[in-house]
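Engineer: Residue numbers (the numbering used here), protein chains in the order written: chain B, 1 to 380; chain S, 381 to 902.
Please keep in mind that the hints were generated in silico from the structure rather than gathered at the bench. As the structure is a prediction and not an experimental result, all values here were calculated from the model. There could be a bad hint or two in this list.
[To be verified] With a straight-line Cα cutoff of 20 Å, these simulated DMTMM-like cross-link-like pairs (lysine to aspartate or glutamate) come out: (1) S/741 with S/701; (2) S/693 with S/759; (3) S/431 with B/376; (4) S/741 with B/150; (5) S/795 with S/643; (6) B/223 with B/5; (7) S/730 with S/552; (8) S/693 with S/669; (9) S/756 with S/659; (10) S/740 with B/150; (11) S/431 with S/501; (12) S/723 with S/540; (13) S/723 with B/151; (14) S/715 with B/150; (15) S/693 with S/596; (16) S/693 with S/711; (17) S/740 with S/718; (18) S/730 with S/752; (19) S/877 with S/894; (20) S/715 with B/151; (21) S/431 with B/254; (22) S/730 with B/254; (23) S/663 with S/691; (24) B/223 with B/254; (25) S/715 with B/254; (26) B/366 with S/501; (27) S/693 with S/643; (28) S/877 with B/376; (29) S/645 with S/669; (30) S/741 with S/759; (31) S/723 with B/243; (32) S/741 with B/254; (33) B/109 with S/596; (34) S/740 with B/243; (35) B/247 with S/643; (36) B/247 with S/718; (37) S/723 with S/745.
[What the hints assert, rightly or not] Now the stretches of chain S that chain B is said to cover, found in silico as 3 or more residues with beta-carbon under 8 Å: (38) 396–404; (39) 591–598; (40) 647–661.
Note that beta-carbon positions come from the ideal geometry of N, C-alpha and C, so glycine has one too.
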Amino acid sequence: MIDYETLKLIWWLLVGVLLVGFAIMDGHDMGVGTLLPFVGKTDTERRVVINTVGPHWDGNQVWFITGGGAIFAAWPLVYATAFSGFYWAMLAVLWALFFRPVGFDYRSKIHNATWRSTWDWGLFVGGFVPPVIFGVAFGNLLQGVPFGFDDMLISTYTGTFWQLLNPFALLAGVVSSAMITLHGATYLAHRTEGHIQARTVRAGVGAAMVMVMSFAAAGAWLKWGGIEGFAITSTINPAALPDPLAKTVVRSADAWWANYATLPALWALPALGLLGPLLAAGLMAARRTLSAFVVSSLAIVGVIGTAGAAMFPFVMPSSTQLNASLTVWDSVSSHLTLGLMFWATLIFMPLIVLYTGWAYRVMRGKVTEQFVHDNEHAAY
Amino acid sequence: MISDQLVDLSRLQFAATAMYHFLFVPLTLGMVWLLVIMESVYVMTGNVIWKDMTRFWGKLFGINFALGVTTGITLEFQFGTNWAYYSHYVGDIFGAPLAIEGLMAFFLESTMIGLFFFGWDRLPKTQHLLVTILMAVGTNLSALWILIANGWMQNPVGAEFSYVTMRMEMTDFWAVVFNPDAQAKFVHTVSAGYVTGAMFVLAVSSWYMLKGRDLEFAKRSFRVAAAFGLASVCSVIVLGDESGYTVGEAQQTKLAAMEAMWETKPAPAGLTLIAGINEAEQKNDWEVDIPWVMGLIGTRSVTQEIPGIHDIKAANRIRIENGIHAVVALEALRKDRDDAAAKAMFEQHKADLGFGLLLKKYVVDVRQATPEMIQKAVDSTVPRVTPMFWAFRIMVGLGFAMLLLFGWAFWSTLKMGCAQNPWLLRLALVMLPAPWIACELGWFVAEYGRQPWTIYGVLPTHLSVSTLSVNSLYGSLAGFIGFYTVLLVVEMYLMVKFARMGPGSLGTGRYSNEPVHTPAHA
Numbered sequence: 001m002i003d004y005e006t007l008k009l010i011w012w013l014l015v016g017v018l019l020v021g022f023a024i025m026d027g028h029d030m031g032v033g034t035l036l037p038f039v040g041k042t043d044t045e046r047r048v049v050i051n052t053v054g055p056h057w058d059g060n061q062v063w064f065i066t067g068g069g070a071i072f073a074a075w076p077l078v079y080a081t082a083f084s085g086f087y088w089a090m091l092a093v094l095w096a097l098f099f100r101p102v103g104f105d106y107r108s109k110i111h112n113a114t115w116r117s118t119w120d121w122g123l124f125v126g127g128f129v130p131p132v133i134f135g136v137a138f139g140n141l142l143q144g145v146p147f148g149f150d151d152m153l154i155s156t157y158t159g160t161f162w163q164l165l166n167p168f169a170l171l172a173g174v175v176s177s178a179m180i181t182l183h184g185a186t187y188l189a190h191r192t193e194g195h196i197q198a199r200t201v202r203a204g205v206g207a208a209m210v211m212v213m214s215f216a217a218a219g220a221w222l223k224w225g226g227i228e229g230f231a232i233t234s235t236i237n238p239a240a241l242p243d244p245l246a247k248t249v250v251r252s253a254d255a256w257w258a259n260y261a262t263l264p265a266l267w268a269l270p271a272l273g274l275l276g277p278l279l280a281a282g283l284m285a286a287r288r289t290l291s292a293f294v295v296s297s298l299a300i301v302g303v304i305g306t307a308g309a310a311m312f313p314f315v316m317p318s319s320t321q322l323n324a325s326l327t328v329w330d331s332v333s334s335h336l337t338l339g340l341m342f343w344a345t346l347i348f349m350p351l352i353v354l355y356t357g358w359a360y361r362v363m364r365g366k367v368t369e370q371f372v373h374d375n376e377h378a379a380y
Numbered sequence: 381m382i383s384d385q386l387v388d389l390s391r392l393q394f395a396a397t398a399m400y401h402f403l404f405v406p407l408t409l410g411m412v413w414l415l416v417i418m419e420s421v422y423v424m425t426g427n428v429i430w431k432d433m434t435r436f437w438g439k440l441f442g443i444n445f446a447l448g449v450t451t452g453i454t455l456e457f458q459f460g461t462n463w464a465y466y467s468h469y470v471g472d473i474f475g476a477p478l479a480i481e482g483l484m485a486f487f488l489e490s491t492m493i494g495l496f497f498f499g500w501d502r503l504p505k506t507q508h509l510l511v512t513i514l515m516a517v518g519t520n521l522s523a524l525w526i527l528i529a530n531g532w533m534q535n536p537v538g539a540e541f542s543y544v545t546m547r548m549e550m551t552d553f554w555a556v557v558f559n560p561d562a563q564a565k566f567v568h569t570v571s572a573g574y575v576t577g578a579m580f581v582l583a584v585s586s587w588y589m590l591k592g593r594d595l596e597f598a599k600r601s602f603r604v605a606a607a608f609g610l611a612s613v614c615s616v617i618v619l620g621d622e623s624g625y626t627v628g629e630a631q632q633t634k635l636a637a638m639e640a641m642w643e644t645k646p647a648p649a650g651l652t653l654i655a656g657i658n659e660a661e662q663k664n665d666w667e668v669d670i671p672w673v674m675g676l677i678g679t680r681s682v683t684q685e686i687p688g689i690h691d692i693k694a695a696n697r698i699r700i701e702n703g704i705h706a707v708v709a710l711e712a713l714r715k716d717r718d719d720a721a722a723k724a725m726f727e728q729h730k731a732d733l734g735f736g737l738l739l740k741k742y743v744v745d746v747r748q749a750t751p752e753m754i755q756k757a758v759d760s761t762v763p764r765v766t767p768m769f770w771a772f773r774i775m776v777g778l779g780f781a782m783l784l785l786f787g788w789a790f791w792s793t794l795k796m797g798c799a800q801n802p803w804l805l806r807l808a809l810v811m812l813p814a815p816w817i818a819c820e821l822g823w824f825v826a827e828y829g830r831q832p833w834t835i836y837g838v839l840p841t842h843l844s845v846s847t848l849s850v851n852s853l854y855g856s857l858a859g860f861i862g863f864y865t866v867l868l869v870v871e872m873y874l875m876v877k878f879a880r881m882g883p884g885s886l887g888t889g890r891y892s893n894e895p896v897h898t899p900a901h902a
């Protein structure tokens, strides 16, 4: 059996992998949803857009479900504290996501312009709102979240919903939304042609610019804008039984930059987040759409990795009861469960990638208006 | 202190969202196998009517599936949003099957469903059939892991409490997986889903036959549904009995409440068919018994006694009194992990920790618990009898009614008569809601019957909630009800519309009610 400390580290990486996987896979169909009302002008054009992700959105959405389940199993305290603390934000995500399964499946079943346009905007909400909120959530994690525990580890969130919508967090929301829109654009450009593709490329280039600027601005704000990071000052025994109240935590101005100072190779992550979107935009404009999708995926790794590397070992720092901050060492499940879930992930994740890849291969090629005509009753 | 109102609203929200989800799940579980059967016949015979059947019933399956997915999203996250202390306290065990469900089952099901709908022209026949089979396997594995998680709430095996981490921790994964409660529940629940799928196809096909349209299509569908339904309903009843046996072993309170057994009866106990329940005086004013049967179901023996409510409560009183010591010792240990006296005290009483925690509903410091509070806690250990007793009886009654219907339908298809008896067809149509009612009541009996616990004997429901404001709960509950009501109306509208259109909605030109072709350009 792998030792506890290593497993705790592995699970930090695995949650990262699941988040990135979610952003790449569910992200591209959310991006398509965001673009839908703008790049599809006629009903048939919109059906083309929808059918590029029609066979895949459901499988992709499982990254979100499984991500939730994996955090439950590996970081139960994070699952409990974050989702109850961010109650209304989480409900907004869920309610926005409600529009997707029904939107995709029900939209084209009725010939009625109002009906279809309503579902189109529903798909837009389902694609646009979740990435914004996830970005806002990350923005709040970087600033610390007002929560604490009592002796029995009952958690209480002492902030309000509106407090989550502070300027820095909103900026993080812009980064996330632009990132997902760009990513969706690279995919949509790859699967469409003609007018739709041209509009998509234009929108994608715009999203790439917004992403680069907002990401750079967020970095600058974090560096010079007075946001203090968190650091553990007591000695930590990474192999100990998890007890989130057993450490001492302080805030300091450059705590979020400490890991970059210790391990300069980490600068590759923000570099990827800054250069990736520009390269993806260029490739997309040159109609090298598949490469653009790959590069955009790497940019996602860069952006999420940048935040993760800055915060490590913190996952959810507390701004009001500093010592209650949740870290990769003390908010995890037991040695047995971490090991078990590691093996389960190791076995099933490659299988998932394999059959998902097969599904995309089966459905490959451009989705055209002709396809929609020919599949009037079967296509979305 | 956590208010009762917060707990009640959190429970109401969970119950509403879970039971709503379970309107769609059973149909998915059952129809997916009917699709496998129909498509297999198509692949083996090459007769295109079986392909049309797969595609048409698949269309209705898809309309239902969309809401199953929508409402399922809520459930994966609601433990965190509304049951934070529960999630912390048992996440080490409970989270694992949920995560494995995603990895092993839900990914498979959701990826294959895309190919099922979009892959008809892209895949060779056999590969498409393989996709349909994998979709069915994924769906059923999904149910397996969810019921392993739920089974552990009913019978928490393979885990123990740690005062350092202040939670339950897994000690034996395989004990959790092969929990007899989970296994019996799994087969009982998926079989109930199969019955639901069969009932749906049977009833809609009956309607086509009553209308005299698409007869070839309807007759074949009816035949498949009748055979599959008969096998499934037998499985539901047999495994329901197995569930009864495991409940009798693990959860005496649930069994006693289901059966309105106030007193311990001499073995082998009789089965109370119906009774006049008097909750105030804690007795039955009258009852109709069948001798011996309950003893056989509950204990598989003629000599073992099944304890009645009064005896169970007396035993629980002792556990609550012991539990006070466990809670006090735990609170001392949380302040000082090395307190040797507290550790010894805790070790001695830890088996009753959950019972001590029941008092937290009435008082913060359990040492201050008055005899009235202890009495209230004792009374709370058995759920209310009337709803349990009748919900269970209606469920079982519907089960046997469906057994008769499927038996009749199957016998009737065996005769291969061209015209089905119109009374049979009308009965099938009238019985359409029966499996849904039975499924919902089954969940009710299982979950309400576990009260006052979220984890039976370990964690009281009252302690499990997130520390949210009551106003937040009113807001979210209203939001869920509003959202779900609108979605249900839309779903029902589409379901009825496409069921009425029938196979003509495929636009193949082979059936009645073909849609007029509308130009694709809007």
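Engineer: Hint by hint, which ones does the structure fall short of?
Structural biologist: 5, 6, 8, 15, 16, 17, 18, 21, 22, 25, 32, 33, 34, 35, 38, 39, 40
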